[in-house]
Amino acid sequence: MNPEVLKACVVPGQPQPLMVPEQNEGWMKLRRAYDEMAKEIKEANPDVLIIYSTKWLSVIGHQIQARKNPEWTHVDDEWHEYGEVEYSFNIDSELAHQVNEACHDRGLHTRTVDYHGFPIDTGSIVALKLLNPDNKIPAIILSSNIYADRTETVVLAKSIIDALKKSGKKAVAIASTALSNRYHDQMIDPKEDRIHSLKDHEWNLKMLEFFEQGRLEDVSQLSRQIQQEARVHKVTNFKPFWWLSTMMGQTNYLEGKIFEYQPLYGMGGALVSLTPSDRSFGDLEYDEADPENFQGDRNVLKSEGTDSDESEDTGGKE
Amino acid sequence: MGNGRIIAGCLAPHPPHLVYGENPPQNEPKSECGWETLRWGYEELRERIPKDEYDVIIVHSPHWRTYIGTHILAIPEAKSISVDPIFPNLFRFHYDLKVDVDLAKSIYSEAVGKKLDMKLMENPKFRVDYGTIVSCHLANPDWDKPIVSISSNAAAKYFNVEYMQELQTHLGDATRVAIEKSGKRALLLASNSLSHRHFTIEPPIPEDMSKEHIYHHGQYLWDMRMIEMMKKGQTREMIDLLPDFTQQATAETDGGSLTWLMSALQYPKYPAKIHAYGTVIGTGNAVASWKPEVGGPA
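Chains as they are written, first to last, in our numbering: chain Y, 1 to 318; chain W, 1001 to 1298.
Just so you know, the hints here were simulated from the structure itself, not pulled from any lab data. For every residue, glycine included, the Cβ atom is placed at its ideal position computed from N, Cα and C. Some hints could be false.
[What the hints assert, rightly or not] Counterexamples of contact, computed for chain Y against chain W with all Cβ distances above 12 Å:
id, residue
1, Met1
2, Leu18
3, Glu25
4, Arg111
5, Ala148
6, Glu152
7, Lys165
8, Lys166
9, Ser167
10, Gly168
11, Ile226
12, Glu255
13, Ile258
14, Tyr286
[Said to hold, decoys possible] Which residues of chain W face chain Y? A partial, calculated answer using Cβ under 10 Å:
id, residue
15, Asn1023
16, Trp1064
17, Thr1066
18, Tyr1067
19, Ser1080
20, Pro1088
21, Phe1126
22, Ile1281
Please construct the entire structure, taking both the sequences and the accompanying hints into account.
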């Protein structure tokens, strides 16, 4: 358990609950669930919200939003007909820089971004607008590196814990992600939205069953299989629960609460919270490694005695 | 109206590094140099296809990725700053562009007629993607021609490359028919790299060319294979090979831009002019053009 993290939350990043909840009964239920979760977060009284967004993709390691007051008028690339979202967020720039330093200490490649007009992603915008509507709780936002796998993702979370310990701040960790992530690829009448397939729905129910039992680390351990079974392979792996579980101390000693589960244009949209608890399904013996540091990608195909000792991914590295 | 035509089609990759290396006044970050081979390739492309030869630029961009159908920019003008979410240190570009809305709507109608799922983008606050901006800027830095921007449907991820190619083939046909009906002369840009595996580390000086090379030799071999086919006018064969290329070289052809272009050009049998090949943060990029009047009929 990491006492620095008061609560873990899972939220979907699609814009419908923020922008057009009235178009579908399920989207409205998700909107109400957001409102309910916002109250729960407020009651937890965190110093900061830490968002890991699967809709903010990066290539050069992970990026961390550090602009104190990013403001913009956002239009979604896919659902531009929904209109605009004006935002003005309260970012904990100091903590963003501390996280960046802590990541470097553990061998990760990260950088902060602080630019006017930087395009904050729809998932982060939806989460911050609905979970922190009055902007009272500062936040930081982390990208999802398309090339990262488990080690970088776990070490990213551990670095954040280092930074939280140093700062003395308490956080709520938020993973902005769908469960199953297959959209309907054709335009539908919003009233007829449903999970894309029965298989996706069954995997979503399995994840929700685990969440309800507080078994976040078990979902984390299943991430590779979930990626195979219920995810369109847009990136290397299904990473948000590796990150979220590490933020919570890689444990099942949690109390799970399912606020809502509904289709979002075919995807599985769920709002879930997980709070530290003495009650637990119990921790198991796990197969996945528990890395402390990132040592770079290793070229496992390299033969002994070859000239280059560069790892595959060190194109610009001295 | 009628007698419109495609005056040229180009493979016009969009790494923001090329604009960064060029130092136009619109881009906030400034460089010392960088990626000259590709930038000089674009210079040659501009000489081969001078802007008095075309009325409109139509760009198909992998960085406007849509999951539900194909979207087309259909607002008369767009003005804002484009900040690259991946390389914000290199690309913060103030753009001010005009859109040929009539042609955009005509392409939309033709594509709908072919049963494609299409959507017009009519929100005036929409921010144009940086792929569109980089390719258009490097093809015409004066920005004095209207553009049409077409999104990239994610069908290759949702189904497979073959299915994506079916969609893009119909979209290419629809684009050509719309151009012909419009009476306009169009320059087409497929805004994609070839092999597309990046390094995940950036040198302290991004334009330090001593650090720039292909990510791995396999990517290079695949890129050369594709370029050889372009040079020999074997574009039908190239598109047949594209699913393997896309998978083996992690190629950005998964976005469909090159397939769309070849379909619109009716699979040229004449050689492409290869203006440049170079790498950008490990990815393989070629600047190439097909000019029907020079090369002969497809």
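Status of the hints after comparison with the structure:
1. With a closest Cβ-Cβ approach of about 32 Å to chain W, methionine 1 of chain Y is found to remain outside the 12 Å limit, as its non-interface label requires.
2. Leucine 18 of chain Y, annotated as away from the interface, keeps every beta carbon of chain W farther than 12 Å; the closest lies near 16 Å.
3. With a minimum CB-CB distance of about 20 Å to chain W, glutamate 25 of chain Y clears the 12 Å threshold, and the non-interface call stands.
4. Under the 12 Å C-beta cut-off, the non-interface status given to arginine 111 of chain Y relative to chain W is violated; the minimum distance is some 8 Å.
5. A beta-carbon of chain W is positioned within 12 Å of the beta-carbon of alanine 148 of chain Y; the least distance is around 8 Å.
6. Its closest Cβ contact with chain W, about 9 Å, brings glutamate 152 of chain Y to no more than 12 Å, contrary to its assignment away from the interface.
7. Consistency note on lysine 165 of chain Y: stated as away from chain W, and its beta-carbon is indeed over 12 Å from all of that chain's, at 27 Å minimum.
8. No beta-carbon of chain W comes within 12 Å of the beta-carbon of lysine 166 of chain Y; the shortest separation is about 26 Å.
9. The Cβ of serine 167 of chain Y lies farther than 12 Å from every Cβ of chain W, with a closest approach of about 25 Å, so its non-interface assignment holds.
10. At the 12 Å boundary, the C-beta of glycine 168 of chain Y stays outside the reach of chain W, the nearest C-beta of that chain being 30 Å off.
11. With a least beta-carbon separation of about 17 Å from chain W, isoleucine 226 of chain Y lies farther than 12 Å from that chain, consistent with its non-interface assignment.
12. Consistency note on glutamate 255 of chain Y: stated as away from chain W, and its beta-carbon is indeed over 12 Å from all of that chain's, at 35 Å minimum.
13. Even its closest Cβ contact with chain W, about 26 Å, leaves isoleucine 258 of chain Y beyond 12 Å, as expected for a residue assigned away from the interface.
14. No Cβ of chain W comes within 12 Å of the Cβ of tyrosine 286 of chain Y; the nearest lies about 27 Å off, and the non-interface call holds.
15. Taking 10 Å as the C-beta contact cut-off toward chain Y, the hint placing asparagine 1023 of chain W at the interface is violated, the least distance being around 18 Å.
16. Taking 10 Å as the C-beta cut-off, the interface hint given for tryptophan 1064 of chain W holds, the closest approach to chain Y being about 6 Å.
17. The beta carbon of threonine 1066 of chain W comes within 6 Å of a beta carbon in chain Y, closer than 10 Å, and the hint placing it at the interface holds.
18. For tyrosine 1067 of chain W, the shortest C-beta to C-beta distance to chain Y is roughly 5 Å, which falls under 10 Å, so the interface hint holds.
19. With its C-beta approaching chain Y no nearer than about 8 Å, serine 1080 of chain W sits inside the 10 Å limit, and its interface hint holds.
20. Look at proline 1088 of chain W: its Cβ gets to within about 5 Å of chain Y, closer than 10 Å, so that hint holds up.
21. With a cut of 10 Å, the hint placing phenylalanine 1126 of chain W at the interface with chain Y holds, because the nearest CB-to-CB distance is about 5 Å.
22. Because the smallest distance between the Cβ of isoleucine 1281 of chain W and any Cβ of chain Y comes to about 7 Å, under 10 Å, the interface hint for this residue holds.
Hints 4, 5, 6 and 15 from the list above are not met by this structure, while the remaining hints are.
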